[in-house]
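Asker: Sequence:
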Amino acid sequence: MPELDEISYSREATIAAFRDYYQFLTTMYLPEDRVKEPPAEGWPAITKENSHVLGKDDEVFELMRHLPYVPEETLLAPYARVGNWPFLLGLRPSNQRPFDESDVEGTRIITEGLDWEDIPSSAFGITRGDVRFILDTRFGVVHWLETPREIQRSAAREPIDGDFDDCTPENEHEWRYSTAWAILDFFEVLKDQYRLLKYIPIHELRIEEFPEEFEEGDGPLGGGPFWRAARQIFRDHGWPDLSVYKKQECMDAMKKLIEDRFPEENL
969 MPELDEISYS REATIAAFRD YYQFLTTMYL PEDRVKEPPA EGWPAITKEN
1019 SHVLGKDDEV FELMRHLPYV PEETLLAPYA RVGNWPFLLG LRPSNQRPFD
1069 ESDVEGTRII TEGLDWEDIP SSAFGITRGD VRFILDTRFG VVHWLETPRE
1119 IQRSAAREPI DGDFDDCTPE NEHEWRYSTA WAILDFFEVL KDQYRLLKYI
1169 PIHELRIEEF PEEFEEGDGP LGGGPFWRAA RQIFRDHGWP DLSVYKKQEC
1219 MDAMKKLIED RFPEENL
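In case it helps, my numbering puts the sequence shown at residues 969 to 1235.
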């Protein structure tokens, strides 16, 4: 396992890791035009003023401002909607007003959880909703809060072997007990779940996790015919061998599977 003191943070490497992950998703299912690159000066909606109102330091501001993004409905993993910060810090859709202090609590709760006040200025949520990934620029790591046991057991990359207690204030200790990876390793952990078809794209805005109980025998739901059929479609179209994989044909076949055999899955 990599030791905490062996990990370092690089803004350029972090931006490249996000870009590489989004490009990986486009090879499997996501339309390429969904990935948006920032202008040279950074996303105009993300300003030093609104990032400071949010409670983030200058490095988080610069990183947020220069990351590529995908639409806010996009999932990085099952139940993990992307934290699209140009959207979150842009004009409020309700009345077209700028981001201000009244927006801080709600925004941080959906990206960092109910204990958001314990997340330091060097860290921010890269997802919103039920699954929370917290990236910390101070240490160059991503914490997966409440990491699933299956991920802990079989992750493609080893998590950080180190205790954050000695180098962080006491109010941060509880959430930092969650598993953490170096930033690049974290994205490799996610990518491996897709390669193994543990994560299955049903369509552009729906990613499902193959139920663990189906891995051995038929499972309690009679083998989960929809999940098995969905998984087989990817295999039939060459996944994960990118030299033969046919992305559009695969996604068309997934759509037809739902229409013909599983209309109840048309979500």
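Derived by calculation from the structure, the hints in this document are not laboratory data.
Small disclaimer: the values here were computed from a predicted structure and weren't measured.
Ideal placement from N, C-alpha and C gives every residue a C-beta, glycine not left out.
One should not assume that every hint holds.
Quick list of in silico lysine to aspartate or glutamate cross-link-like pairs, EDC-like style, CA-CA up to 16 angstroms [said to hold, decoys possible]: (1) 1159 <-> 1131; (2) 1166 <-> 1156; (3) 1215 <-> 1204; (4) 1016 <-> 988; (5) 1214 <-> 1204; (6) 1215 <-> 1156; (7) 1159 <-> 1204; (8) 1016 <-> 1069; (9) 1223 <-> 1156; (10) 1166 <-> 1177; (11) 1166 <-> 1176; (12) 1016 <-> 1068; (13) 1004 <-> 1041; (14) 1214 <-> 1000; (15) 1159 <-> 1177; (16) 1159 <-> 988; (17) 1215 <-> 1000; (18) 1224 <-> 1209; (19) 1159 <-> 1176; (20) 1016 <-> 1030; (21) 1004 <-> 988; (22) 1223 <-> 1209; (23) 1224 <-> 1172; (24) 1016 <-> 1026; (25) 1016 <-> 1027.
With beta-carbon atoms standing in for the labels, derived distance ranges [unchecked claim]: (26) 1016 <-> 1133: 39 to 49 angstroms; (27) 1139 <-> 1228: 47 to 57 angstroms; (28) 983 <-> 1133: 45 to 55 angstroms; (29) 1133 <-> 1025: 35 to 45 angstroms; (30) 988 <-> 1217: 21 to 31 angstroms; (31) 1133 <-> 1223: 26 to 36 angstroms; (32) 1020 <-> 1139: 16 to 26 angstroms; (33) 1171 <-> 1136: 37 to 47 angstroms.
Asker: Taking the hints in turn, state whether each one holds.
Answerer: Here is how each hint holds up against the structure:
Of the supplied pair hints, the one linking residue 1159 and residue 1131 is violated, its CA atoms being roughly 26 angstroms apart against a limit of 16 angstroms. Annotation: proposed proximity of residue 1166 to residue 1156 holds, straight-line Cα distance about 14 angstroms (limit 16 angstroms). Taken as a hint, the residue 1215 and residue 1204 pair is honoured in the structure, with Cα atoms around 11 angstroms apart against an allowance of 16 angstroms. With a C-alpha separation of about 26 angstroms, the suggested pair residue 1016 and residue 988 falls outside the 16 angstroms cut-off, and the hint is violated.
Taken as a hint, the residue 1214 and residue 1204 pair is honoured in the structure, with Cα atoms around 9 angstroms apart against an allowance of 16 angstroms. Note on residue 1215 and residue 1156: the hinted pairing is violated, with a Cα-Cα distance of about 20 angstroms set against a maximum of 16 angstroms. In summary, the hint linking residue 1159 to residue 1204 is not supported, as the alpha carbons are separated by about 20 angstroms, beyond the 16 angstroms threshold. Distance check on the hinted pair: residue 1016 and residue 1069 sit about 14 angstroms apart at the alpha-carbon level, within 16 angstroms; holds.
For the given pair, residue 1223 sits about 28 angstroms from residue 1156 by alpha-carbon distance, which is inconsistent with the 16 angstroms threshold. This hinted pair checks out: residue 1166 and residue 1177 have alpha carbons roughly 6 angstroms apart, not beyond 16 angstroms. For a cut-off of 16 angstroms, the pair hint linking residue 1166 to residue 1176 stands: about 8 angstroms separates their Cα positions. With a CA separation close to 12 angstroms, the supplied pair residue 1016 and residue 1068 stays within the 16 angstroms bound.
Between residue 1004 and residue 1041 the alpha-carbon distance is near 14 angstroms, which keeps this suggested pair within the 16 angstroms criterion. For the proposed pair residue 1214 and residue 1000, the alpha carbon gap of about 14 angstroms is at most 16 angstroms, so the pair holds. For a cut-off of 16 angstroms, the pair hint linking residue 1159 to residue 1177 stands: about 13 angstroms separates their Cα positions. A threshold of 16 angstroms between alpha carbons decides the hint, and for residue 1159 with residue 988 the separation of about 10 angstroms falls inside it, so the pair holds.
Distance check on the hinted pair: residue 1215 and residue 1000 sit about 11 angstroms apart at the alpha-carbon level, within 16 angstroms; holds. A distance of roughly 23 angstroms separates the Cα atoms of residue 1224 and residue 1209; the hinted pair therefore is violated under the 16 angstroms criterion. A distance of roughly 14 angstroms separates the Cα atoms of residue 1159 and residue 1176; the hinted pair therefore holds under the 16 angstroms criterion. Restraint check for residue 1016 and residue 1030: satisfied, since their Cα atoms lie roughly 8 angstroms apart, inside the 16 angstroms limit.
Distance hint between residue 1004 and residue 988 is fulfilled; the C-alpha atoms sit about 13 angstroms from each other, no more than 16 angstroms. This hinted pair does not check out: residue 1223 and residue 1209 have alpha carbons roughly 21 angstroms apart, beyond 16 angstroms. For a cut-off of 16 angstroms, the pair hint linking residue 1224 to residue 1172 stands: about 15 angstroms separates their Cα positions. Under the criterion of a C-alpha separation no larger than 16 angstroms, the hint pairing residue 1016 with residue 1026 is consistent with the structure, at around 7 angstroms.
Of the pairs offered as hints, the one joining residue 1016 and residue 1027 holds, with about 10 angstroms between alpha carbons and a cut-off of 16 angstroms not exceeded. The hinted range of 39 to 49 angstroms is not satisfied by residue 1016 and residue 1133, whose Cβ atoms lie roughly 32 angstroms apart. At roughly 54 angstroms, the beta-carbon separation of residue 1139 and residue 1228 lies within the given 47 to 57 angstroms, and the hint holds. The hint said 45 to 55 angstroms for the Cβ distance between residue 983 and residue 1133, and at roughly 30 angstroms that hint is violated.
Residue 1133 and residue 1025 have their C-beta atoms about 22 angstroms apart, which leaves the hinted 35 to 45 angstroms range violated. Remark: the range hint 21 to 31 angstroms for residue 988 to residue 1217 is upheld by a beta-carbon distance near 24 angstroms. The hinted window of 26 to 36 angstroms between residue 1133 and residue 1223 is violated, with their beta carbons roughly 49 angstroms apart. Our hint of 16 to 26 angstroms for residue 1020 and residue 1139 holds, since their Cβ atoms are close to 21 angstroms apart.
About 40 angstroms separates the C-beta atoms of residue 1171 and residue 1136, a value consistent with the hinted range of 37 to 47 angstroms.
Consistency note: the structure conflicts with the earlier hints numbered 1, 4, 6, 7, 9, 18, 22, 26, 28, 29 and 31.
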